[in-house]
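Asker: Sequence:
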Amino acid sequence: MKGPLFYSKILLFGEYGIIKDSKGLSIPYNFFKGALKWDGSDSQMAQESNKSLKAYAEYLKVLEIKEEGLVSFDIQALEKDVADGMYFDSSIPQGYGIGSSGALVAAIYDRYATDKITVLENLTREKLLQLKKIFGKMESFFHGKSSGLDPLNSYLSLPILINSKDNIESTSIPSQNTEGKGAVFLLDSGMTGETAPMVQLFMENMKQEGFRNMIKNQFIKHTDACVEDFLNGNMKSLFGNLKQLSHVVFDHFKPMIPSKFHQLWQNGIETNDYYLKLCGSGGGGYILGFTQDLEKAKKALEGHTLEVVYNF
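Take 5 as the starting number for the sequence shown in our numbering and just add one per residue.
Any given hint could be a false lead.
To be verified - The calculated lysine-lysine pairs, modelled on DSBU-like cross-linking and capped at a C-alpha distance of 35 Å, are:
| # | residue 1 | residue 2 |
| --- | --- | --- |
| 1 | K225 | K302 |
| 2 | K131 | K302 |
| 3 | K41 | K131 |
| 4 | K185 | K220 |
| 5 | K131 | K141 |
| 6 | K84 | K24 |
| 7 | K6 | K120 |
| 8 | K149 | K84 |
| 9 | K264 | K247 |
| 10 | K131 | K70 |
| 11 | K169 | K24 |
| 12 | K185 | K211 |
| 13 | K185 | K58 |
| 14 | K137 | K185 |
| 15 | K247 | K169 |
| 16 | K70 | K24 |
| 17 | K55 | K149 |
| 18 | K70 | K136 |
| 19 | K169 | K137 |
| 20 | K258 | K149 |
| 21 | K6 | K136 |
| 22 | K55 | K211 |
| 23 | K141 | K185 |
| 24 | K247 | K303 |
| 25 | K65 | K185 |
| 26 | K185 | K70 |
| 27 | K185 | K120 |
Claimed, not checked - Taking CB as the label site, the calculated pair distances span:
| # | residue 1 | residue 2 | range |
| --- | --- | --- | --- |
| 28 | I69 | F215 | 34 to 40 Å |
| 29 | I177 | K300 | 33 to 39 Å |
| 30 | K70 | D170 | 34 to 40 Å |
| 31 | I69 | K300 | 53 to 59 Å |
| 32 | D46 | L124 | 34 to 40 Å |
| 33 | K247 | T118 | 33 to 39 Å |
Read the hints as simulated data drawn from the structure, not as lab findings. Think of the CB as a built atom: it goes at the ideal place given N, C-alpha and C, for glycine as much as any other residue.
Working from the sequences, and respecting the hints, build out all of it.
Answerer: Next up, the structure:
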């Protein structure tokens, strides 16, 4: 027996910025996925996941009481399934910035929330914000503090445009051009990243006026422009803004970039063969790349595996 599949997500633009009300664009990434299963497996992965779900069920019990009226679950059914050995079978790598806990949260909400908002109804902005709020509280178990965007993306399996904290909408992105030379790709850093310490570091930096000004006048400006360009299919302008964004991140977010990628990051900016940016909170996991010529980027990044996410 297994439940429906929930996919990983990629935040194309908006990492860190959305904490401070920049625009953001998040897309489902169907290459990785997860589903709740109860097939009697006693593999180590199944056992660890089951143990984690047991603790999660306890957390949700408390959440229901603490956030009265926000969300309620069929806790009895959840506890019974966990006791029967249910686990989350997922190919989504953890600590890679592509929403492993988000898919799990979406699966649990989908199966056990009573009176849930479904994908089939008219998803007004209010409903999307309500879902985002519910998912934020549900995902806090894994991250300390969560925006709720990852599970939202996973649950809806639609691209989501973040205009600001209180203004989100589902959106459509330009169709892929599989014949095109350009691509968005993932670069594996070969190490996992921890979200909480990276976000903490960002919050510490935000206490400095200079850093705050840079976020407002450069980082958010270029992020917002990238979102607009991407949605409008304006590739020439997009790559101009991407170069600026990659530069700002390289200058001001060094600790979030694994040190062995510093040189590659700089090479991209200098040669214009590709531009790199953070995927999620950084510190490890995947790095996002954008190129107008995939073959050129592959040559320049020889020895690294590129996973293509989107062709144009």
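Asker: Next, verify each hint and record whether it holds.
Answerer: For each hint, the structure was consulted:
1. K225 x K302: 29 Å, holds
2. K131 x K302: 42 Å, violated
3. K41 x K131: Holds: K41 and K131 sit about 28 Å apart, inside 35 Å.
4. K185 x K220: 33 Å, holds
5. K131 x K141: With Cα atoms ~16 Å apart, K131 and K141 stay inside 35 Å; holds.
6. K84 x K24: 41 Å, violated
7. K6 x K120: 20 Å, holds
8. K149 x K84: Cα-Cα ~28 Å, so holds.
9. K264 x K247: 20 Å, holds
10. K131 x K70: Between K131 and K70 the Cα gap is close to 21 Å, so the pair holds against 35 Å.
11. K169 x K24: 8 Å, holds
12. K185 x K211: 42 Å, violated
13. K185 x K58: 47 Å, violated
14. K137 x K185: 39 Å, violated
15. K247 x K169: 26 Å, holds
16. K70 x K24: 27 Å, holds
17. K55 x K149: Roughly 22 Å between the alpha carbons, so the hint for K55 and K149 holds.
18. K70 x K136: With Cα atoms ~17 Å apart, K70 and K136 stay inside 35 Å; holds.
19. K169 x K137: 11 Å, holds
20. K258 x K149: Given that 35 Å is the threshold and the Cα spacing comes to 23 Å, the pair holds.
21. K6 x K136: The given pair, whose Cα atoms are some 25 Å apart, holds under the 35 Å limit.
22. K55 x K211: 39 Å, violated
23. K141 x K185: Between K141 and K185 the Cα gap is close to 41 Å, so the pair fails against 35 Å, i.e. violated.
24. K247 x K303: 19 Å, holds
25. K65 x K185: Distance ~50 Å between K65 and K185 Cα, so the pair is violated.
26. K185 x K70: 52 Å, violated
27. K185 x K120: 42 Å, violated
28. I69 x F215: 34 to 40 Å: 39 Å, holds
29. I177 x K300: 33 to 39 Å: 24 Å, violated
30. K70 x D170: 34 to 40 Å: 22 Å, violated
31. I69 x K300: 53 to 59 Å: 57 Å, holds
32. D46 x L124: 34 to 40 Å: Holds - the Cβ-Cβ distance for D46 and L124, about 36 Å, lies within 34 to 40 Å.
33. K247 x T118: 33 to 39 Å: 49 Å, violated
In summary, the numbered hints that this structure violates are 2, 6, 12, 13, 14, 22, 23, 25, 26, 27, 29, 30 and 33.
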